[in-house]
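Participant: Below, each chain spelled out in residue letters.
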Amino acid sequence: MGGAKFQVKYEENRDCMKTINEQSERKSLRDVRVGENVRIFDFVNAYECEIGENSRVGAFVEIQRGVRVGKNCKISSHAFICEGVTIEDGVFVGHGVMFTNDKHPRAINDDGSQRKEGDWKLIPTLVKKHASIGSNATILPGITIGEGALVGAGAVVTKDVPDGATVLGNPARALR
Amino acid sequence: MGGAKFQVKYEENRDCMKTINEQSERKSLRDVRVGENVRIFDFVNAYECEIGENSRVGAFVEIQRGVRVGKNCKISSHAFICEGVTIEDGVFVGHGVMFTNDKHPRAINDDGSQRKEGDWKLIPTLVKKHASIGSNATILPGITIGEGALVGAGAVVTKDVPDGATVLGNPARALR
Amino acid sequence: MGGAKFQVKYEENRDCMKTINEQSERKSLRDVRVGENVRIFDFVNAYECEIGENSRVGAFVEIQRGVRVGKNCKISSHAFICEGVTIEDGVFVGHGVMFTNDKHPRAINDDGSQRKEGDWKLIPTLVKKHASIGSNATILPGITIGEGALVGAGAVVTKDVPDGATVLGNPARALR
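The listed protein sequences correspond, in order, to chains A, B and C.
According to this note's numbering, the stretch in the first sequence is residues 2 to 177, in order.
According to this note's numbering, the stretch in the second sequence is residues 2 to 177, in order.
According to this note's numbering, the stretch in the third sequence is residues 2 to 177, in order.
Because the hints were derived from the structure by calculation, they are not lab data.
Relax, there's no trap hidden among the hints.
Heads up, the list lumps identical chains together, so a pair's fine if it works in one copy or across two of them.
In silico lysine-lysine, DSSO-like type, Cα no more than 30 angstroms apart, as pairs: (1) Lys104 <-> Lys160; (2) Lys130 <-> Lys104; (3) Lys19 <-> Lys130; (4) Lys130 <-> Lys117; (5) Lys129 <-> Lys104; (6) Lys104 <-> Lys117; (7) Lys129 <-> Lys19; (8) Lys122 <-> Lys104.
This is chain A alone, in the form it adopts within the complex (with noise of 0.2 angstroms):
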């Protein structure tokens, strides 16, 4: 990721955690709530999410309101992270990995009216502890991804993928 360019700083409890605002040339972030040692890269957009000790976040990612994400996890540059999203301890999120949170994705109502919140239903996603997506992986909405299981970079995951399993391709399927 090429050098810590932010990094929380605590004095007095290590277990606590801390809110930052960050409003630099190459970082937006609003309203993050990080864990001891957390490192945030340049060019990054987060806000109102929470993000859990040792755990990094690359360049170029974005990071939603209501986000969580655990300790020791690495979201790797171009990431996205929608609102809706769980990720346990210890996930490993690729390159360029995108995450749904919407069925029916719409710019505008069927009264042609631009949607707004509360026009659509947001649809959650959990990805469980030790889990590793490979980059380029999309996720669409309403998957739970299970205990150290393995996405494989490029795939379209568009069912629960259970604990331990690897799943690749477009739909994603199970290895054999």
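Once you have looked at the hints, place chains B and C on chain A.
Facilitator: Frame of chain A, contents of chains B and C only:
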């Protein structure tokens, strides 16, 4: 998307467009023609293009010269919209969607010289109104995506999508 | 790409390379060794790598340490080029292309400790001269992409691509 960082104000004429140039810390906008109430988020690179009223452009998006985006569109984070693409009103472009405009992309010509404008043929793409393109989809050059059509997340679209159709997969096929 | 924002000037020696460091508003370049006439656009994160003369690097690109990019290459926006990748002269890397270097990416080791350098094996990748990699393609670790080969947009490349071959799909297969 996390809070509008840029919003065009119109005092007098609701329907006019206005050309903006902003070379700020977190934005590179050059000769971007925008309608009323267009919102462009941080870390966007756009130039010599047009974005219709009420449309939103997410973080880490690049929009090239000559692109026209209609009204009430949502261009999600990490999308790339190249020269030759026209997007009608009310279109949703998901996160990480990549358009293309060259059937035979090469860095160099057959004689080993570096490729320049005029050495290749731009193939245009049209996305008709109210269509929706899922995250991480890839759109090959010369495609027309029909009115109200839905392109599934992660799909690779290699031929035209009829009005109202849903296509999925790599290569993308119509949902039966 | 929208106008060169950075251009190296050479006064005396056409063939020499030069190491640049730029920590500016919209660029993070650390120990990037560049040839003559290299253009690097905004919002790029690159470090400890080498980019040959006349090559261009688009917006939202990350290039990691040890990467070598040849002369006359085009690295398109949103691409990620990881440690272990070597790109020869005259190569086109499309938008959103993701390279990888770890067959079993994990955030943590089996004992639950956070993964560090030395805890995993880097698998190198080679892209031979004049090859072209379409947008949103994913390149698995350890791949050699042959001279003049073409990787289709959205392809997931899981095995070597012979010289001059065209491959498409997920997993990528040779065009008949």
